[in-house]
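Full structure from sequences and hints, please.
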Amino acid sequence: MILFDKISKAYNGHFALENITLNIEQGEFVSIVGQSGAGKSTLLKLLIAEEKPTSGRIFLDKQDVTALPYAELPFLRRRIGTIFQDFKLLSQKTAYENIAFAMEVVGKSKKEIQEDVPQVLQLVGLEEKAKQFPNQLSGGEQQRVAIARALVHQPDIIIADEPTGNLDPLNTWDVIRLLLKINELGTTILLATHDREIINTLNKRVVSIDKGKVIRDEQNGRYIL
Amino acid sequence: MITAFKRVFLVGFQNFWRNGWLSATTVSVMVLVLSMILGLLMISVLTEAVVQHLENQIDISVYFKPKTAEPDILQVKNNLLAEKEVKSVEYVSEDAALALFKERHKADTIIAQVLEELDANPLEASLNIKAKAPDQFAAIAKFLEKKEYAPLISAVNYYENQETIARLSSVISAIRKTGLFITLALSVISVLVALNTIRIAIYTLKDEVTIMKLVGATNWFIRGPFLVEGVLYGLISATATIIVFYPIMFLLAPYVDNFFPGSDLFLYFQRNFMTLWLILLLCGIVLGVFGSMIAIRKYLKI
Ligand SMILES: Nc1ncnc2c1ncn2[C@@H]1O[C@H](COP(=O)(O)OP(=O)(O)OP(=O)(O)O)[C@@H](O)[C@H]1O
Ligand SMILES: [Mg+2]
Chain V
1 MILFDKISKA
11 YNGHFALENI
21 TLNIEQGEFV
31 SIVGQSGAGK
41 STLLKLLIAE
51 EKPTSGRIFL
61 DKQDVTALPY
71 AELPFLRRRI
81 GTIFQDFKLL
91 SQKTAYENIA
101 FAMEVVGKSK
111 KEIQEDVPQV
121 LQLVGLEEKA
131 KQFPNQLSGG
141 EQQRVAIARA
151 LVHQPDIIIA
161 DEPTGNLDPL
171 NTWDVIRLLL
181 KINELGTTIL
191 LATHDREIIN
201 TLNKRVVSID
211 KGKVIRDEQN
221 GRYIL
Chain X
1 MITAFKRVFL
11 VGFQNFWRNG
21 WLSATTVSVM
31 VLVLSMILGL
41 LMISVLTEAV
51 VQHLENQIDI
61 SVYFKPKTAE
71 PDILQVKNNL
81 LAEKEVKSVE
91 YVSEDAALAL
101 FKERHKADTI
111 IAQVLEELDA
121 NPLEASLNIK
131 AKAPDQFAAI
141 AKFLEKKEYA
151 PLISAVNYYE
161 NQETIARLSS
171 VISAIRKTGL
181 FITLALSVIS
191 VLVALNTIRI
201 AIYTLKDEVT
211 IMKLVGATNW
221 FIRGPFLVEG
231 VLYGLISATA
241 TIIVFYPIMF
251 LLAPYVDNFF
261 PGSDLFLYFQ
271 RNFMTLWLIL
281 LLCGIVLGVF
291 GSMIAIRKYL
301 KI
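For the protein sequence lines, the chains are V and X, in the order given.
FYI, full-length UniProt numbering numbers position 26 of the first sequence as 26, with every residue one higher than the one before it.
FYI, full-length UniProt numbering numbers position 253 of the second sequence as 253, with every residue one higher than the one before it.
These aren't lab readings, by the way, just hints derived from the structure by calculation.
The beta carbon of each residue, even a glycine, is placed where N, CA and C say it ideally should be.
Hints should not be assumed to be uniformly reliable.
[To be verified] Stretches of chain X that chain V covers, calculated by requiring three or more beta carbons in the stretch to come under 8 Å of a beta carbon on chain V:
id : segment
1  : 101-112
2  : 212-224
[Said to hold, decoys possible] Between beta-carbon pairs, the in silico distance windows are:
id : chain 1 : residue 1 : chain 2 : residue 2 : range
3  : V       : Gln92     : X       : Leu267    : 42 to 50 Å
4  : V       : Ser55     : X       : Lys206    : 38 to 46 Å
5  : V       : Asn12     : X       : Ala24     : 35 to 43 Å
6  : V       : Asp61     : X       : Ala24     : 47 to 55 Å
7  : V       : Ser55     : X       : Ala4      : 53 to 61 Å
8  : X       : Phe290    : V       : Asn220    : 30 to 38 Å
[Said to hold, decoys possible] If we take Cβ atoms under 8 Å as the criterion, some of the chain X residues that face chain V in the derived model are:
id : residue
9  : Lys206
10 : Glu208
11 : Lys298
12 : Ile302
In structure tokens form, the structure reads like this:
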């Protein structure tokens, strides 16, 4: 479904990713692990075309993402729900409106929005914070809004970049269980993390990246660095 | 479709309200800019009034020999009126000239006495001619030099006044040109100030725009509320400007009228209130909308 084909990305002559080739099938749950600065976020940014690769191509269902014109990118991004490492919540909108925004963008009706958003808020345990703005929420609460926004419009793929970085253990496992459940329903999931415990418990495919290169890629992988 | 429209308006109003300070500063700057534009407009109206007043002061007179028959003079008048340069011709008969002269010097007893002693009217009948533009007097004077008029005419005062007329006419055109130049320059500066303010307002929201794009919004989906905000900027600042101007014009008008009698600035303002408001509205909305659209362009490229 997703193919990274000999992808390299250089920032100011320094390679953040080097010659990455990676094939991900529909419905897979893939964890991407690596030390800080290894290039995990960069890889995920390339998939939603937030960044352009220096060389190589990325295919999503036969469509070359790197060759898409600007006008086509929104339609690509709607198929992917992204939990950004830095949340990227809209500071001018409340928790509710941030989540609703993802549905408005894909053209969902007002009725659907009014039904789904409270449900998702409840799913991440924020039904009481619906009317608060991001700067009135704790780090973990913001992260959970970001999670809710990424999955509310039921995308084909969910990109989760360090989605539990600000959560306590209890919340962390809630989120991981949520991701597993969504995955069971057929959604492809890409999870970037350096949480050893999560990886070792998940028992799913693990891609290890070190200094911009894939050093290990195994099913039922463990966290080894 | 209707939902989308409602959303755009709602979000536009919401953003305007939630970015309270930003909106307030932007609107304030736009009020200043529109005041500048309105002020320039009023000044150019005033300048035009002054210039026209000056132009109206200029005329040349043709004096007719004593005993020229009135129909002959009126014939000349009609011929003059047929010329394209001539704006108006006023006939002053010998008697009228005398009456005018007496009226003007009624305080002066010596002159009154002298006039008493004369048994004939020493003044000549004349035609006072005004041109459509000050530089056309030469052509009119030339017209009067025609042979057929020579037996009737005693003098044309163009030649003595030629220099004054030329100087006045060059002053008038200088006022017009400088006025136009200053107006244009200040307008351009104002517009740049307005555009820059809007640019800064949008700059502070550039992260929001980026996020919206990354979540999958199309350009028009993002632009919509900004368009509404731009219209709001224009609407509010134009209305505020004209409301602020009303009392200012009212208080200022007496002083202006003192300086330039007959300019009736406040009357002009009142009569054209709606038109002026519409002009400001147009300027404000065009600035607000175009400013936003230009400013947002580069942040949409992701
Ligand atoms: N915009 C940028 N300009 C320059 N260098 C960048 C930029 N973005 C990332 N890099 C560099 O690319 C490398 C990989 O960054 P990336 O964010 O992908 O790391 P990461 O694996 O996600 O790390 P972390 O676990 O800390 O999130 C780093 O060395 C970083 O400094
Ligand atoms: Mg990262």
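Kindly indicate which numbered hints from before are broken by the structure, ordering the numbers from low to high. Checked against the structure, the hints that fail are numbers 1, 4, 7, 8, 9, 11, while the rest are satisfied.
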